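Peer 1: For reference, the chains in residue letters:
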Amino acid sequence: MRLRKLIPACMALVLSMTAPVYAAGTKDITYAAESTVKSLDPHDTSDTYSGAIEKAVCQGLMGFDKDMKIIPMLAESYTFNDTATQFTFKLRKGISFHDGTPFNAEAVKTNIERMMTGKYKRSSLMKPVKEVVVVDESTIQFNLKEPFGAFLNTIAHPGTLMISPKAIATYGDEVSKHPVGTGPYIFEEWVPGNFLKIKKNPNYWRGTVKVDTITFKPVPENGARLAMLRAGQAHYIFPMPAELLKVAEADSKIDVITMPSIIARYLVFNTRYAPLADARVRQAINYATDKQAIINIAMGGAATELDSVIPPNLQYYKKQKPWPFDVAKAKALMKEAGYEKGFEVVFMSPTVSNRLRAMEMVQQQLQQIGITGKIESMDVASYYKKLESQKVDDKEIIPFIGSMGWSASTGDADWGTRPLIATEAFPPANANYGFFSDAKVDGFIAAGLASANPEVRKKAYGDLQDYIWDKAPWGYLYTDSLIAAKSKKLKGIYPMADGAFSVEEAELAD
Amino acid sequence: MLSYFLRRCLNIIPVLFVVSILAFAFVHLLPGDPARMMAGSDADPATIAMLRHELGLDQSLPVQYLTYMGKLVKGDLGKSLRTKTPVFQEIKQRYLPTMYLAVCGMVWSVVIGVLFGAIAAIYSGRWQDYTAMLLAVSGISMPQFWLGLLAIQLFAVYLGWVPVAGFSGKFSELILPSFTLGATVAAIMARFTLSAFLDVLDEEYISTARAKGLSESTVLWKHAFRNALIPVVTMIGLQFGFLLGGSVVVETVFAWPGLGRYMIEAVAVRDYPVLQALLFLYSFHFVFINLLVDMVYAVINPEIRYT
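Top to bottom, those sequences are chains B and Y. FYI, the numbering for the first sequence is 1280 to 1789, going by the working numbering. FYI, the numbering for the second sequence is 4 to 310, going by the working numbering.
Calculated directly from the structure, the hints in this document are not laboratory data. All figures in this text were calculated on a predicted structure; none of them were measured in a lab. Mixed in with the good hints there might be a few duds.
Not the full set, but computed from the structure, chain Y residues with beta-carbon under 10 Å of chain B [said to hold, decoys possible]: (1) L54; (2) K87; (3) Q96; (4) I155.
Cut-off 25 Å, straight-line C-alpha distance, at most; resulting in silico cross-link-like pairs (BS3-like, lysine-lysine) [as the list claims (entries may be wrong)]: (5) Y:K173 - B:K1476; (6) B:K1445 - Y:K87; (7) B:K1476 - Y:K87; (8) B:K1345 - B:K1664; (9) B:K1476 - B:K1445; (10) B:K1476 - Y:K95; (11) Y:K87 - B:K1398; (12) B:K1608 - B:K1306; (13) B:K1525 - B:K1372; (14) B:K1478 - B:K1770; (15) Y:K173 - B:K1664.
We put the CB at the ideal spot given by N, CA and C, even for glycine.
Can you make the complete structure from the sequences, with help from the hints?
Peer 2: Structural data, given as structure tokens:
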């Protein structure tokens, strides 16, 4: 009989503990993400997710708007010289860091010089910089070692966010756990692997912040992440799993947001030795792959066909005519190149489910033109190690077709092309894993960097994209779409093409 | 008993030494470069080289081993390559959530498992037996992530009784994950108790006890149950050791800030110090639990007393 009394008592206890966590009257947002925060030191961060949270706390001289266009942030205006070796920024006046330290040219210098020590993951961004000069209280000047036309993108990159010089002095490298910036939110608490909380900055220089706190929680499992949104325990989830789209769309309390990313997915192959050295063979591969089928099946429709060497959301993108799926044409090209009977390759992919599925489809499709072989799959770390350890002069290398993805985090055409197709980027120097080399391509890339003038750069990268498309250095596949989902009560948080997001304008209805 | 205990404790030292070598070797033999993973997918080689130097990965393996052992002897587990935070501190933060989950999951699975097993044994061949074993087999066969997601859908999304996932220290957050975690263990316990019980029931002393005219309940609970418990306790110890390592699947499904997920994150980026420390910790758990189990034997069965 005692048990009968105990059960309701227990129930009451349990229920009392599940009572709403949020205090009345405050607006608290929960963001459930697949990733975990790794660091809060912008200069020492290499992942997009941590970078996006840093952007809510810290700001840079320049930034990106919703469409990845560069806009001035802490800088008011900028000028540069014709040779793209000197960039001068006029800073906004009257802005303070969260700890009260004034933001000025001296603070910029401290940050940039910290990066220039070469000790941080984003130090490489400052590699072109020779010196940084304080012209006056609100003017800062960068002198570069050589022309670097993409420098404005560098300054807009989340790796170049400004931290309070006082915080750097106080915490040293532990600033990665105590970020202090000028942004709309103030860092509050971080329990690694569990949650991270930021709160409203009441003195934000751009205006009023409309929510009180945002809590970021890592929820790695797709189903659980969506369940949190549906149960009202999260207001925004990213990524929204493509395989569960139907469930989300059927829920009247949820909005789904889709946008193209800046990730290029393609097949990489060794273009230095036969048979893949022959452009006709590579063109045949592009004709023989049914991109749309791969997108529909391997990506659950959450991708768009790649229609240039760089994805649409990168600067200076120029659309090309997509390669149609045409097996007859592919066969004819194979015959012309003398490979009517086909040849054997190794298909390689990391064991990431959608990439492996895509590779299985490629393997199947290429069978039709006689290109056959087994799939070798391995975890991400081993996979890149394998691609990187190739030697350029190794004639014994087995012809391979590998799965490749690239996200140019500066949003600029230079970082979307140079590391992948320039001769200087052969591994181990960078990610030109197919050893593609073409003097004209190298010329366009150099021209794009020689000036910071948008017209000059636009022409260089436009010409590059026109020229290289038919050379088919890769098997062009697709650009991932980013899918997020949010509660209808929430407004103003949106995903950005680089995989980050913006929370500055977040608003929560009652 | 005390000297036995002390001897067993001393034995732990060489075991842990061997473990330290194995952990180091295992972790460094994994293909893949931590510096590459830390630097991000679009990093330039200078950054990777800088990181490799910073992390001490440009030194020879023996030198790296000596550095690692030198620190370990002083009780320093090193810093996580990924977060640059001391590994000890990170493990400390994740230990309690995993511990709560393991203890909670263990308690209910042992209670249910042993009860079901005993019922199945006592009513061997009858409907109670079949029902209990049907449930047990389902428990073993049902993948944890599936069970977990079903439980989330039902109890958290539709009924809204408990939170979906995450852990901020509230008991309500423990219910679903511990239930999911315990389901497999309960099933294993039930099967194990059943077979141990049946073995004991075949023993002659049970027939003797019955022949003496003892009541059936005395026979079952005083004679059979106590003896059947010995292998069951071994099993409990082993299972608990596994649970303490943090269940990768349950912690992932329920976004639990514990050791299992920590391990997975560390493997993905080849965070050497974290992996070494976790392997070390897991081995320590098993050694320690084995010791504990041996002690419990002695309590359950006075005949087992060590000299």
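Peer 1: When the hints from earlier in the document are held up against this structure, which numbers fail?
Peer 2: 8, 12, 13, 15
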